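Asks: Chain residues, written in single-letter form:
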Amino acid sequence: MTKFINKDTRVVVQGITGSQGMFHTRLMKEYGTKIVAGVTPGRGGQESEGVPVYDTIHEAQDNHDIDTSIIFVPAPFSLDAALEAIEADLDPVVVITEGIPVADSIKLVASAKAKGITIVGPNTPGVIKAGESKMGIMPAQVFKKGNVGIISRSGTLFYEIASQITRVGLGQSTCVGLGGDPVVGLDYIDMLKWFQDDPETEAVALIGEIGGDAEERAAKYIKEGGFSKPVAAFIAGRAAVPGKRMGHAGAIIQGSTGTADSKINALRKAGVAVGELPGKVAEELLRLL
Amino acid sequence: MTKFINKDTRVVVQGITGSQGMFHTRLMKEYGTKIVAGVTPGRGGQESEGVPVYDTIHEAQDNHDIDTSIIFVPAPFSLDAALEAIEADLDPVVVITEGIPVADSIKLVASAKAKGITIVGPNTPGVIKAGESKMGIMPAQVFKKGNVGIISRSGTLFYEIASQITRVGLGQSTCVGLGGDPVVGLDYIDMLKWFQDDPETEAVALIGEIGGDAEERAAKYIKEGGFSKPVAAFIAGRAAVPGKRMGHAGAIIQGSTGTADSKINALRKAGVAVGELPGKVAEELLRLL
Amino acid sequence: MKLLEYEAKEYFKQFGIPTPMGNMVTTPEDAAKYVESLGKPVVIKVQLPVGGRGKAGGVKFADTSEEAKEAAKQLLGMTIKDLKVEKLYVEEKVGIVNEIYLGVTIDRNRKQHVVLASSEGGMEIEEVAAKTPEKIVRFYVDPLTGLRSYHANYIASKLGYRGGMMRKFSSFVTKLYTLAVEMDAELTEINPLAEVADGFLAADARLNIDNNALFRHKELQERLLDSYQGELTEREMEARAEDLTYVELDGDIGIIGNGAGLTMATLDSVMIHGGKAANFLDLGGGATPERIGKAVKFVLRDERTKSLFVNVLGGITRCDYTAEGIVAAREELGLRKPIVVRMMGTKEEEGKAILKKNDIDTLDSMEEAAEKAVKLAGGDA
Amino acid sequence: MKLLEYEAKEYFKQFGIPTPMGNMVTTPEDAAKYVESLGKPVVIKVQLPVGGRGKAGGVKFADTSEEAKEAAKQLLGMTIKDLKVEKLYVEEKVGIVNEIYLGVTIDRNRKQHVVLASSEGGMEIEEVAAKTPEKIVRFYVDPLTGLRSYHANYIASKLGYRGGMMRKFSSFVTKLYTLAVEMDAELTEINPLAEVADGFLAADARLNIDNNALFRHKELQERLLDSYQGELTEREMEARAEDLTYVELDGDIGIIGNGAGLTMATLDSVMIHGGKAANFLDLGGGATPERIGKAVKFVLRDERTKSLFVNVLGGITRCDYTAEGIVAAREELGLRKPIVVRMMGTKEEEGKAILKKNDIDTLDSMEEAAEKAVKLAGGDA
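Residue numbers (the numbering used here), protein chains in the order written: chain A, 19 to 307; chain P, 19 to 307; chain F, 57 to 437; chain D, 57 to 437.
You can trust all of the hints, since none of them are fake.
When the alpha-carbon atoms are kept at most 25 angstroms apart in a straight line, the in silico PhoX-like pairs for lysine-lysine are as follows: (1) LYS274/F / LYS125/A; (2) LYS162/P / LYS408/D; (3) LYS125/P / LYS125/A; (4) LYS403/F / LYS47/A; (5) LYS133/A / LYS125/P; (6) LYS403/F / LYS162/A; (7) LYS111/D / LYS262/P; (8) LYS140/D / LYS262/P; (9) LYS262/A / LYS58/F; (10) LYS298/P / LYS431/D; (11) LYS274/D / LYS69/F.
Rather than coming from a laboratory, the hints here were simulated on the basis of the structure. In this text, all values refer to a predicted model and were calculated from it rather than measured experimentally.
Here chain A stands alone, though its shape is the one from the complex:
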């Protein structure tokens, strides 16, 4: 399993010269993330946000020690960018890009798995170790160092709940956005396993939404005893209409599969405290810890 990130993690930003890449490189650096290099083919030799830019990761590695990569390149080029990071043995590889064809996601996730590398995303807000380092686009100010781990398929809802957790006086350890696409690198269960062994995490907020059955499988895993720390959850989409995609490609109720009620029921049966509103999750965590 990946180490995820901490204050010492050395990061390369792929797509560092694009507007999103530049903007978030600046914010990540402000947060304390060690961004040692950037990659944009055709921009080698330049600088972006004070970070040296290379044409390839290979050349970046000739000049820097790099642990992980965060990808901001446009969707049509994201598969190659991710394969480049995987080939370079970077771990985890955080794919922020939205709109990647699902066939490309299948390929990149399989390629990473073959090498034992963790893909965060695609279409993820990224991963943050509160107070140390962030690889992602989450607003820093809602996070505060603490002992709650967060796993979320959604981005902004993730920040919402993080801010509520901070507001009630708790804080976060490692927080990961799984990504809103139908096919992503990480499942809730992968993260639960990781949090189980993470000494800095004492409770977990699980944020889900309609579509698929990842939450149901997580509930089953918890029910069967795979995860022993307290969990509070929120599931978005109770007011959603079947057959309509709710923003995320993955957020769609198909037939009887993927409803909020099915997920909420499964989690409750597994002993998870499910909040009706996002704000309730923080209160539940306060109660549980």
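Using the hints provided, position chains P, F and D relative to the given structure of chain A.
Replies: Using the frame of chain A, we list chains P, F and D on its own:
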């Protein structure tokens, strides 16, 4: 490393209903090879040479325990046949077929390597454990159980020298045809490593030909002490003309690369007894053992 | 993006998938003419982006060109699920020995393509899965090797085919898989796949393309809007045309959020406070002031919208941009519908300052904002 | 199979590889006409399947259609390395900033495709490798992932390109690799690859196709025989037409063997015994009596053949078939040239019996057989 074969090795024949497949299945069975199943897509449910035929290896495995595969399917279908055997974890996979595109050989060899599986060939006479089992098209009568291992790029020259070894009163242990194509699964060095650890092999006959530098690399390996048992060699093609393909796709002198003299010199410098004529190899072995 | 049967079959032909002879027509005369040239009995099928056309009477048979003309006339006069029939597919009637199901789709849990095949064609595969799951062959494709010939042989053989029919079905599977991958299909399905005396024919065809992959299929990208017909409402179609992710609902509170999860939660919170959302508009990530303005105008212009609730959590989206967009949109429209804004995150202070300067209040709590939006819409909260 | 420059460039264009504008012509008039329509200075190059045309005077420049006509006339009158010039390639002259080398070939030791690139174009890559090896970028392609864009970027960047030129060179590399793989090239090479002001152009083109892969390239399979012109002798061409693997040598003993190694060793053994082989004919594996008969006739018909040495080790090839083939061929030809046969292996007894019945003696030892063949040819053994 593969176990290669012995009397207990259970073999599937891919392409068992073709004329070559049938002919050699009969001869292999006569020799004692345990042929448990055959595969020809579209011929499932039939029998060929008393062997049950399946449409796929998967189905053959549902009905039999299988260790290895020998492939007789036509060149355009050989890549898939080999990938099927590799996917089914058969080892080694012996590819008799001649005329496989080199790009296909590259792919199948790489796929096998990724799983740690040995490919013998393509365009090989196969492998024989004298007196026990043969997976190949070599004439059985020239072999006799003994302690000489044979490694050859050529087919018929391999039988020639095997027969000479038998004639002088020696015999063979395991004998492997590497194959006459430019890209094959096994190199001399792979086999030297295997013979080094094989208690039944006390000397090795190395049969080479013009083209490439596999023999030179083998010589270097022997010279550097990688192989400690006695080796006698024959290199075909002293009378060959540069730039002309001598039958095998791989047997061509390009520029100054791949001449018989270069190979003979390299082997002699490594202490290998090189015979001028095929018959001399057997005499050298008699002297060395 | 869902293609119509006749469009899907064009791709099937490109990929060498055997289909009955057929032609798309839009008039009874053309239907008659085609049957004349074909000289065979035909089946005539309405071409609509909705299922269940058989039960709705949208499929007719004809033996002669006269019959075809008459059938086409009747079908072209029909309306099925609110959609007017404008296109027909006229296809030779084939002598079906057996109806098979074959589909390729994506398994999101396994993160793989999966080939589904069943000897029980003609009915919905979900129905087969529920009643006789043992009659479905599922083959998960390794993404790094793809579907090779021996995998297709295995599927064909598991379905009970032998000899020449095994090889033909296997080749069919290989071609459908190739189409699925090369066309970036989320789903492609043949139901029924007709087993005829000497082989197989795609009697129907379903092909849904991954919208994210349309940059690889420019010819489809241009037709994307058309393809939403039947799937989306009129206003949703308008929103698509303006590149907005908009779902129409039946309440009176306009909802704009950024991110699917947050927008959904906003919807949920309005519901919990007794209100009803008029829509779901997800700005997505990194919206510009122009884009946000466009979204706000789109929702405010809707007569049903009594109040607007904008809920933005700044990450890749900036609060200052959000504020600028809201202000500009309101000014442009001149409408004074109540707007409740709740924002937090990137450039939060700057955004709040802009709103304050323009007399739009912001609330810090999502729940309070939801409550207020419901109240302003005149709801029962 | 080696393609001519103009044929290779047709494929280059198909794969989107930028090439100068050009046209193949066979008359001075057509050369003039093309230059007229082009309206630019040109280079005119003979199209022959041999190297070194530049040094042999096979390349001329022309600024006008008149000059082109004259140059073409001269070139079409030439003979280079015994080959008459029949085709010319007329191509626009480009403003070369730098001459680059780019090639894709197969590394047999590493069992991979390798991309070779060098800033030192225009000379043989072997020469660059010998003199300034540091100026060659070698990139070995993982067969399971292929050459991805970032690999090509790496190669371009290692060659010193930056910015737009880096991306253009990278795209060039990707396209040439794609061509190499999809066309089953044993070797494809651009030397020189012209760096011009705003990009790159393939000023020359070499493309050798793997003969074993021609089943995937039917259009080339038909032209296979033509492509041997210049590479093979006339008799070797005849042999190919009859599907025989035949290499012409300059001695007087016909050599037929089965398997490359054994046939080569047969050649070597004749040489050691003081004889000289007239040819090398490898029957390959699993020859039928007909094929063997064809081979025997082909060699016996050659006037230079004074004796024939057939050396067969039966594996996939059967000794009885061999004997039948020899007997049939001899009867058919009615020639009484001495034949020495040495056979062993599959169906050995049957084969020997057939030969004995037809008064052809067989020897068991290859060396004795070689000695006898040399003696029968009247050699000095």
